[in-house]
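K.L.:
Assemble the complex: chain L is given as a structure, and chain X must be docked to it using the hints.
Chains L and X, in that order, give the protein sequences.
Under our numbering, the first residue of the first sequence carries the number 2, and numbering increases by one thereafter.
Under our numbering, the first residue of the second sequence carries the number 150, and numbering increases by one thereafter.
Since the hints were derived computationally from the structure, they do not count as laboratory data.
The structure presented is a predicted model; accordingly, all values stated were derived computationally and were not measured.
Think of the CB as a built atom: it goes at the ideal place given N, C-alpha and C, for glycine as much as any other residue.
Treat each hint with caution, since some may be false.
Said to hold, decoys possible - Restraint-style ranges between C-beta atoms, simulated for each label pair:
id	chain 1	residue 1	chain 2	residue 2	range
1	X	231	L	210	42 to 48 Å
2	X	247	L	62	19 to 25 Å
3	L	92	X	291	33 to 39 Å
4	L	31	X	170	44 to 50 Å
5	L	176	X	152	33 to 39 Å
6	L	26	X	247	41 to 47 Å
7	L	210	X	247	33 to 39 Å
8	L	110	X	170	23 to 29 Å
9	L	76	X	231	48 to 54 Å
10	X	231	L	129	20 to 26 Å
11	X	247	L	114	26 to 32 Å
12	X	152	L	166	34 to 40 Å
13	L	67	X	176	36 to 42 Å
14	L	111	X	272	32 to 38 Å
What the hints assert, rightly or not - Reference excerpt, derived from the structure (chain L facing chain X, CB under 8 Å, subset only):
id	residue
15	54
16	55
17	72
18	75
19	78
20	87
21	105
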Amino acid sequence: MKNIIEIKNLSKKFVDGTEALSSVNLDIHDGEIIALLGPNGAGKTTLISAVCGITNMSSGSVKVAGFDVKKDYRKTRSIIGLVPQEIALQPFEKVIDVVRYSRNLFGFKNDDKYIEDILKRLLLWEKKDKRIVELSGGMKRRVIIAKALSHNPKILFLDEPTAGVDVDLRIDMWQLIKEIRAKGTTIILTTHYIEEAQEIADRISIINKGKILLTEKKTELIEKMGQKVISIELSEAINHSKYSDEFDIINDPQSNQQIIHYNFLKSDKNFDRFITKLKNDGHVINNIETNEKSLEEIFLDIVSK
Amino acid sequence: MNIQAIKAIYIFEMSRTIRTLVQSIASPVISTVLYFIVFGSAIGSRMENISDVSYGSFIVPGLILLTVSLQSLSNASFSIYFPRFIGTINELLSAPVSYTEIVIGYISAAVTKSMTIGLIILITASFLVDISIQHPIWMICILFLSCVAFSLMGFIVGIWAKKL
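Same shape as in the complex, but just chain L (with noise of 0.2 Å):
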């Protein structure tokens, strides 16, 4: 697939000596929807802000659509769209005003035709002519992704674009992300909650400490690092040692010696000869419950290690 991000060793250091970011690298795949996932602090931002400009980077090189960002800054930030985690907006200004004003700031006319889409599309336009400072906290969270949207970008960057925001407009705006991405976009989004990853992404990439610690399609992330553990209750207790020599079970003498629990890997061979086992030993089998691992745990286990 055609990269349109290329992230080569970028790193950036503070003047106070914090390495915010350390020798990133990272391609983005055009028209998809990566997450960059990462605890707070882990530069998910400072990679933003340096693909956008808004942050000098200390080392490395970023080409968007095969554009250096520094020497092409133009190219590059004209296709390019920013909803930043902090709603920064001028508390005065009606709502029209401060898009046409993202517009024109992008080198583009004014399309009062598309900004009336994109109003309506974010269920703004009955807003229009209201001022920011009227506004309840989450239409400003739309009117700053109608700021972004408003020069019709290729790329969307999206800083925890559902950070403090209820569950019903958190999953208004996974529904309108992937209308966007639907029309072309290729989105970034950073997040520190998983479940938004695990719902809307393409691609997953995990950054903590100023390092990208791996990227992986989403569904290779928990079919690969995801495990299964598979509850079998027996209609009896029984020695969980004598299997657990030659079977991956969980052996926990304080446990129900009833249940006996299976870590199951994908493509696991050993699981049909387990029952088969289990049932050549006389033992009936009463329930099986099945608990995959989240997303949440496999990123917690990445980070920790």
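P.N.:
Relative to chain L, chain X alone:
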């Protein structure tokens, strides 16, 4: 050059001035008129003419320049400091706009505001004291250059100012 962006910054700044017309334009004009009343009428009646120019007329250019320089400084510094303070500066930094274009946008707005105030004061003064302009083109040039110089200074102050 991103002319559209320069226009956007200029119009955005001017619309703020129009929205806050009383404090932007009327307030400096009123305070300067008070200067005329105090210095020109109250004190001026007791002062001798300076090179055949009455005291009231003599202080007009000084008062215009004083107001214009202060307004240029405060307008330009506030216009860049406010986006820094509320965080909207990031939008400007991530837009395909060069530093020169940003400066042109903000400075031209600050100069327009200050020159407007200067000219309003001049017109107001003409109702209060006798004035004749010997070199109108030079006057406009000097007024313009003073506005530009003080606006640029104000812009630097706005950039250097630390956030609270």
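K.L.:
Next step is simple, just say for each hint if it's right about the structure.
P.N.:
Now for the hints, and whether the structure bears them out:
no.	hint	verdict
1	231/X with 210/L: 42 to 48 Å	35 Å, violated
2	247/X with 62/L: 19 to 25 Å	20 Å, holds
3	92/L with 291/X: 33 to 39 Å	37 Å, holds
4	31/L with 170/X: 44 to 50 Å	49 Å, holds
5	176/L with 152/X: 33 to 39 Å	38 Å, holds
6	26/L with 247/X: 41 to 47 Å	29 Å, violated
7	210/L with 247/X: 33 to 39 Å	34 Å, holds
8	110/L with 170/X: 23 to 29 Å	28 Å, holds
9	76/L with 231/X: 48 to 54 Å	30 Å, violated
10	231/X with 129/L: 20 to 26 Å	23 Å, holds
11	247/X with 114/L: 26 to 32 Å	30 Å, holds
12	152/X with 166/L: 34 to 40 Å	37 Å, holds
13	67/L with 176/X: 36 to 42 Å	53 Å, violated
14	111/L with 272/X: 32 to 38 Å	34 Å, holds
15	54	5 Å, holds
16	55	5 Å, holds
17	72	13 Å, violated
18	75	4 Å, holds
19	78	4 Å, holds
20	87	5 Å, holds
21	105	3 Å, holds
Violated hints, listed in ascending order, are 1, 6, 9, 13 and 17; each of the other numbered hints is respected by the structure.
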